[in-house]
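Engineer: Produce the complete structure using the sequences and hints provided.
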Amino acid sequence: MDLNLDAPHSMGTTIIGVTYNGGVVLGADSRTSTGMYVANRASDKITQLTDNVYVCRSGSAADSQVVSDYVRYFLHQHTIQLGQPATVKVSANLIRMLAYNNKNMLQTGLIVGGWDKYEGGKIYGIPLGGTVVEQPFAIGGSGSSYLYGFFDQAWKENMTKEEAEQLVVKAVSLAIARDGASGGVVRTVIINSEGVTRNFYPGDKLQLWHEELEPQNSLLDILNAAGPEPMAM
Amino acid sequence: MTFTIPIDNGDALKNAEADSQRTLYPYVTGTSIVAIKYKDGVLMASDMGVLMASSLCKFKGFMVDNECAGSYGSTLRYKNIERVKAIGKHSLLGASGEISDFQEILRYLDELVLNDNMWDDGNSLGPKEVHNYLTRVMYNRRNKFNPLWNTLVLGGVKNGESYLGMVSMIGVSFEDNHVATGFGNHLARPILRDEWRADLSFEDGVKLLEKCMRVLLYRDRSAINKLQIAKITEEGVTVSQPYSLKTFWEFQAFHNPTAGAQGSW
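Note that the protein sequences, when read in sequence, are chains A and B.
Residues 1 to 233, numbered by full-length UniProt numbering, are exactly what the first sequence covers, in order.
Residues 1 to 265, numbered by full-length UniProt numbering, are exactly what the second sequence covers, in order.
Heads up, a few of these hints could be off.
Below, in silico cross-link-like pairs of lysine to any residue (SDA-like), each with a Cα-Cα straight-line distance of 20 Å or less [as the list claims (entries may be wrong)]:
1) A:89 with B:107
2) B:79 with A:133
3) A:89 with B:81
4) B:79 with A:134
5) B:79 with A:146
6) B:226 with A:152
7) B:226 with A:134
8) A:89 with B:110
9) B:144 with A:102
10) A:156 with B:110
11) B:226 with A:135
12) A:89 with B:103
13) A:89 with B:80
14) B:79 with A:154
15) B:79 with A:155
16) B:79 with A:107
17) B:79 with A:157
18) B:144 with A:101
19) B:79 with A:150
20) B:144 with A:104
21) B:79 with A:136
22) A:156 with B:80
23) B:79 with A:149
24) B:226 with A:149
Facing chain B, from chain A, some residues (calculated, C-beta under 7 Å) [stated by the list, open to error]:
25) 128
26) 129
27) 131
28) 133
29) 151
These aren't lab readings, by the way, just hints derived from the structure by calculation.
We put the CB at the ideal spot given by N, CA and C, even for glycine.
Structural biologist: Listed below in structure tokens is the structure:
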């Protein structure tokens, strides 16, 4: 089987951004693939742009990194000039500017999320092509295909911080279960007026889904636990 | 202001796309707009569904590979996008096609309206002028092989005169008493040709548009049951709240269509 190790690094990915009563929760998986090979199984796809604005990256790893780097650079200067933290809307519009004007070259879908004192917690989705859409929640990446129905049913307005984070973790975990291009751990970033909190959920901290089994150290443990001669009559 | 990341897309002699920066195909698209002139002005209807093209071969190659341009089915990505916007005091712009290009057109028009206001001379851009501006923009982009992937509907009222026109992504531009984009051209316009009158009241106009939108809902795969109707008169612009239409499924023939021939549709 051809692993195609020369294929561009792509983050198949599942990314999510959700607003709640007081801020936003961003979530993502951690798999970066090169063709069929997992180049990085613990990537961090939730990237900081400013103290109060983060972006979830999907699609081409290189394109999303370079766009984030440019926007971080612009926002840094903008913050100095403005004299106060940049707003989430400005961050989203700077990303849009790059995404739209380079639409032929870029293959990256982004979800911008953050908190500012004017609008509170906000999420902006920026799919391929450079459209900007402000949404109460956004999903993206290849794994998101499996989550449209889930969110249609599970999303509610005005969740608490805990409810929102649990929703995000559950959703990324469900997508990982079905999308080959998503995997690894679930990372979340919570942004509100108090600041930013990063969380990390490895596979053993997550609920098991259909046809998934409790992880074991070895078959030997199973055999020993069952007793020395279980089938002897 | 634009910022283009400087990149090398390859040898311009061998690669046709190397030195061009054009929109190759639309990603995030809106469907039909249907609009009619009526007694007091113009009515324009659109649904709020926006599709995202999805292509399994997206990650295979770079943009030069145009065989990836088709989409493998489409996801109804956004269900809350307004595709009809007020422009200045006298016009209404509706768009189908690529939403990022529509957002860019709105930015151009913002600048146009700003400059118009800055003259502070009591004059304001009417629908005819905005339509003309859009036609020039669309046609010139077409000439550079870098179209804005939209079909635009421009309606408005100024000094008692109603105006309704359309511009396509290749710059084809015209005015009429009723216009529609995309599927609407095929499904809605025949209805309008039959039933439109110059003296339609607001109520009759709305009912006529709803008749068209219902047909589109039945027969356009990219339509959703969530629409808005915008009205423009001499007084100004009103955009309705989003609402859904009732649909009818109780034809006898629908109840058990394969009873006589199992396996047929």
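Engineer: Each of the hints needs a verdict: does it hold here or not?
Structural biologist: A quick look at each hint next to the structure:
no., hint, verdict
1, A:89 with B:107, "holds (16 Å)"
2, B:79 with A:133, "holds (11 Å)"
3, A:89 with B:81, "holds (17 Å)"
4, B:79 with A:134, "holds (12 Å)"
5, B:79 with A:146, "holds (17 Å)"
6, B:226 with A:152, "holds (16 Å)"
7, B:226 with A:134, "holds (18 Å)"
8, A:89 with B:110, "holds (18 Å)"
9, B:144 with A:102, "holds (16 Å)"
10, A:156 with B:110, "violated (35 Å)"
11, B:226 with A:135, "holds (17 Å)"
12, A:89 with B:103, "holds (15 Å)"
13, A:89 with B:80, "holds (19 Å)"
14, B:79 with A:154, "holds (17 Å)"
15, B:79 with A:155, "holds (15 Å)"
16, B:79 with A:107, "violated (23 Å)"
17, B:79 with A:157, "holds (16 Å)"
18, B:144 with A:101, "holds (15 Å)"
19, B:79 with A:150, "holds (16 Å)"
20, B:144 with A:104, "holds (15 Å)"
21, B:79 with A:136, "holds (12 Å)"
22, A:156 with B:80, "holds (16 Å)"
23, B:79 with A:149, "holds (13 Å)"
24, B:226 with A:149, "holds (18 Å)"
25, 128, "holds (4 Å)"
26, 129, "holds (4 Å)"
27, 131, "holds (4 Å)"
28, 133, "holds (6 Å)"
29, 151, "violated (12 Å)"
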